[in-house]
Amino acid sequence: MKETTCSDCRFFLNDAQSLERLYPGLNTLSSAWGCVRGDAGCCTVHEVYLFPRGTCRDFSPRGDKPVGRGD
Amino acid sequence: MTDEKQACEVPQVEKLGWRELYKKEDWWAIWLSLLIIFMAIGLYFSGGTLKPLAVKPAKWATLNQLFGHFSAQAPWYGLQFVFWLVVFTITSRILGFKTSQFLPSFIFLYIISVVIFSIGAWEEAHKYNLEPPLVALLVGLLIANIFRLPKWMDAGFRVEYYIKTGIVLLGATLPFTLIIYAGPVAIIQATVIAVSTCLVVYFAATKIFKLDKRLAACLGAGASVCGVSGTIAVAGAVRAKKEHPCVAITLVIVWAIIMIFFLPFISKVLNLHAGIAGAWIGTSEFADAAGFAAAQAYGLMVGMEDIAVRAFTLMKVIGRDIWIGLWAFGFAIVSVTKWEKDDLGQKPNAMEVWWRFPKFVLGFFLASLIITAVVSPYPMDEYLKTVKPMLVAPIKALRTWCFIFCFLSIGLTTRFRELAAAGSKPFKAFTMGVIVNVILGFIFSVLIFGHYWSTALVTPK
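Residue numbers (this note's numbering), protein chains in the order written: chain X, 1 to 71; chain A, 1 to 461.
None of these hints come from the bench; they were simulated from the model.
Please note: incorrect hints may appear among the correct ones.
Lysine to aspartate or glutamate pairs mimicking DMTMM-like chemistry, simulated, CA-CA at most 25 Å apart [as the list claims (entries may be wrong)]:
no. : chain 1 : residue 1 : chain 2 : residue 2
1   : A       : K241      : X       : D58
2   : A       : K347      : X       : D39
3   : A       : K51       : A       : D381
4   : A       : K338      : X       : E47
5   : A       : K242      : X       : E47
6   : A       : K385      : A       : E305
7   : A       : K23       : X       : D39
8   : A       : K241      : X       : E20
Work the whole structure out from these sequences, hints included.
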């Protein structure tokens, strides 16, 4: 079954380096590499910061990898 | 698809699973600390000690003494530098940092740390309030805000990685029995104050200043749970707007830095016991790194560093940090059941409590258990004569190095010009929480549990 959650959406940004660029000061008293942040990230369409387990009508699969294959 | 959407496309998404064990700094803080602890134990039982690797500036009165120390200990400083450089470079590389950026940055950090450590070891330093945590922070702030270091140097200024490693190593110097004994009191005090502060900020933000509920949640978590980490955990739970965490992060950093100086100095004015001040700082400072700077600074001011740091650790790490996941889960439930207005369907998952759990705390407990098990069979005189200086003291010295790296990194990464504008309403709501938090922290630490915090933390081992 194909995944349609944020984690497989091309508009979801959650790699640590990008998040620390996106949120100035995040690395000053915390870190995007910490377990507390986990895998949360930013939806660049809705401009919302969220956990990656939701879904929405704007979901668009990532083009460069098969959808639904996690680690 | 619009151009805007195309521009937003990103190349990679983290899906870690078990890879979290080597892709999150919490876990590396544990692995690295366990390496140090087992090296210390192994050397001790084979008749040696980790002491040479844990070299640090000795007390000095004249520059000749200082230079004499460095010339005599130069090989060990070299070995220590190589040790830190290798372990931090390799682990940072695995986390995803470029070695070409980490290396020069860490070398810079280490050199300044040696200078700051040396200043702190000056016999007159105490007279001028030149406690290393405060000096490190000030020096870092000045460098970052006057000289504009290149942004890539942040690769080596990993505040959280250093503080987490330091906290796990701290566990090795804290008897497990003390954690069991004092933990519940810390949890009660921290929970009452954190919940009160969060509610004050939330209701001030939403009822008085009419701010968005999600922003209010980010502000409340930042002021009460765990600073920036609390903000980030709760922001994901309530699906905050992209700019909400930025506002909360700015306010947490500004207030945390003010509190690093305010809490130790007001404690000094009030002549508080180190245990009481540590508990107060643990309740009222916002982030681990900032709180350790304040607690250690005050401990050094009054000559009871261990007591202040112990009280702070129990209050902050056990009383507040380990509950972050629960806060995130609670806010997720409120968000979905009360605030849900869009179609980003996402049901709260109880596993968030574990997923958001700051795993380095497990290392803190484990380190305490290991060392407690190792040292408990020794009689007190043998512990004080041999075990403490040969086994525990080197671990403590290496912990202190991690803390210095961390305090300096706080300053070096605090670029006020880059922080988002917070706005007056969020600032006022957050500040109301700060005031309530500091007052409640004082009432609980001094008036209610004062006797407890001034007596409970002195342990023979």
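Do the hints match the structure? See the list:
1. At roughly 17 Å between alpha-carbon atoms, A/K241 and X/D58 fall within 25 Å of each other, so this suggested pair holds.
2. Annotation: proposed proximity of A/K347 to X/D39 holds, straight-line Cα distance about 16 Å (limit 25 Å).
3. Restraint check for A/K51 and A/D381: satisfied, since their Cα atoms lie roughly 20 Å apart, inside the 25 Å limit.
4. Taking the CA atoms of A/K338 and X/E47, the gap is near 21 Å; set against the 25 Å cutoff, the hint holds.
5. At roughly 5 Å between alpha-carbon atoms, A/K242 and X/E47 fall within 25 Å of each other, so this suggested pair holds.
6. Proposed proximity of A/K385 and A/E305 is supported: the alpha carbons are some 21 Å apart, at most 25 Å.
7. Of the pairs offered as hints, the one joining A/K23 and X/D39 holds, with about 11 Å between alpha carbons and a cut-off of 25 Å not exceeded.
8. Annotation: proposed proximity of A/K241 to X/E20 holds, straight-line Cα distance about 16 Å (limit 25 Å).
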